[in-house]
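Here's the letter readout for the chains.
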Amino acid sequence: AQTVTQSQPEMSVQEAETVTLSCTYDTSESNYYLFWYKQPPSRQMILVIRQEAYKQQNATENRFSVNFQKAAKSFSLKISDSQLGDTAMYFCALIHGSGNTGKLIFGQGTTLQVKP
Amino acid sequence: GAGVSQSPSNKVTEKGKDVELRCDPISGHTALYWYRQSLGQGLEFLIYFQGNSAPDKSGLPSDRFSAERTGGSVSTLTIQRTQQEDSAVYLCASSLVRFGNQPQHFGDGTRLSIL
Chain B
1436 AQTVTQSQPE MSVQEAETVT LSCTYDTSES NYYLFWYKQP PSRQMILVIR
1486 QEAYKQQNAT ENRFSVNFQK AAKSFSLKIS DSQLGDTAMY FCALIHGSGN
1536 TGKLIFGQGT TLQVKP
Chain S
577 GAGVSQSPSN KVTEKGKDVE LRCDPISGHT ALYWYRQSLG QGLEFLIYFQ
627 GNSAPDKSGL PSDRFSAERT GGSVSTLTIQ RTQQEDSAVY LCASSLVRFG
677 NQPQHFGDGT RLSIL
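Protein chains in written order, with our numbering: chain B, 1436 to 1551; chain S, 577 to 691.
It cannot be assumed that every hint is accurate.
The following label-pair restraints were derived from C-beta to C-beta distances [unchecked claim]:
| no. | chain 1 | residue 1 | chain 2 | residue 2 | range |
| --- | --- | --- | --- | --- | --- |
| 1 | S | G604 | B | S1447 | 19 to 25 Å |
| 2 | S | D639 | B | Q1437 | 23 to 29 Å |
| 3 | B | P1476 | S | Q660 | 23 to 29 Å |
| 4 | B | Q1491 | S | K593 | 33 to 39 Å |
On the chain S side, residues computed to face chain B include the following (Cβ under 7 Å) [stated by the list, open to error]:
| no. | residue |
| --- | --- |
| 5 | D600 |
| 6 | L619 |
| 7 | Y624 |
| 8 | G627 |
| 9 | A630 |
| 10 | P631 |
| 11 | P679 |
| 12 | F682 |
Sample of chain B residues lacking proximity to chain S, with all beta carbon distances greater than 12 Å (derived) [stated by the list, open to error]:
| no. | residue |
| --- | --- |
| 13 | Q1479 |
| 14 | K1508 |
| 15 | G1520 |
| 16 | F1541 |
| 17 | Q1548 |
It should be emphasised that the hints constitute simulated quantities derived from the structure, not laboratory data. No residue lacks a Cβ here, since even glycine has one placed at the ideal position from N, Cα and C.
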């Protein structure tokens, strides 16, 4: 079975500092994609960053970057220069690239509080 | 352009009643997904539709849950004889196609409360 684990239920960071959110996953597939989604209090899930498993280079998107360790099945998210608007719940998610399935498998989420 | 639209935003109903939740995907997106977000279970996949193919219903928790997608666009999730454990936020998402490299775009969700 495929699983995604986020071991940090809550985290906090000072504004302008850097924070790293952890995520590990388990899958027997070789073709898959990993995502980080952000869910602010408005409830809408917003895509933050995406990583293709076949790519060795870590994805970056402005202040957001990932550390993808395929052998360790680890996919952490680094937020640099944290801003108050980054306060939200963050979900790590996995989807397989092949087969007849389109479902995202989510971790339990990490609540991030950015403090002024 | 317009994102995924869900209605109602909030729904309160009595136990035993039927409810319908609506999702209007992004124009041109052929894949549509329903997820449930609850305190005890996190985010769970319910069902997805891809074009005219048979939907993947593997995540529906019971036969009280059903969904349809008319004309390849709008989808309705129906819960019959609601129970208190059905209380959750129901999220809809859409993507261009179902393949993993196409990110899913989510709506704001419907918060369902069963009294």
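To see whether the hints hold, each was checked on the structure:
no. : hint                             : verdict
1   : G604(S) <-> S1447(B): 19 to 25 Å : violated (40 Å)
2   : D639(S) <-> Q1437(B): 23 to 29 Å : holds (25 Å)
3   : P1476(B) <-> Q660(S): 23 to 29 Å : holds (24 Å)
4   : Q1491(B) <-> K593(S): 33 to 39 Å : violated (53 Å)
5   : D600                             : violated (14 Å)
6   : L619                             : holds (4 Å)
7   : Y624                             : holds (5 Å)
8   : G627                             : violated (11 Å)
9   : A630                             : violated (10 Å)
10  : P631                             : violated (10 Å)
11  : P679                             : holds (5 Å)
12  : F682                             : holds (4 Å)
13  : Q1479                            : violated (5 Å)
14  : K1508                            : holds (16 Å)
15  : G1520                            : holds (17 Å)
16  : F1541                            : violated (4 Å)
17  : Q1548                            : holds (19 Å)
When held up to the earlier numbered hints, the structure conflicts with 1, 4, 5, 8, 9, 10, 13, 16 and fits the remainder.
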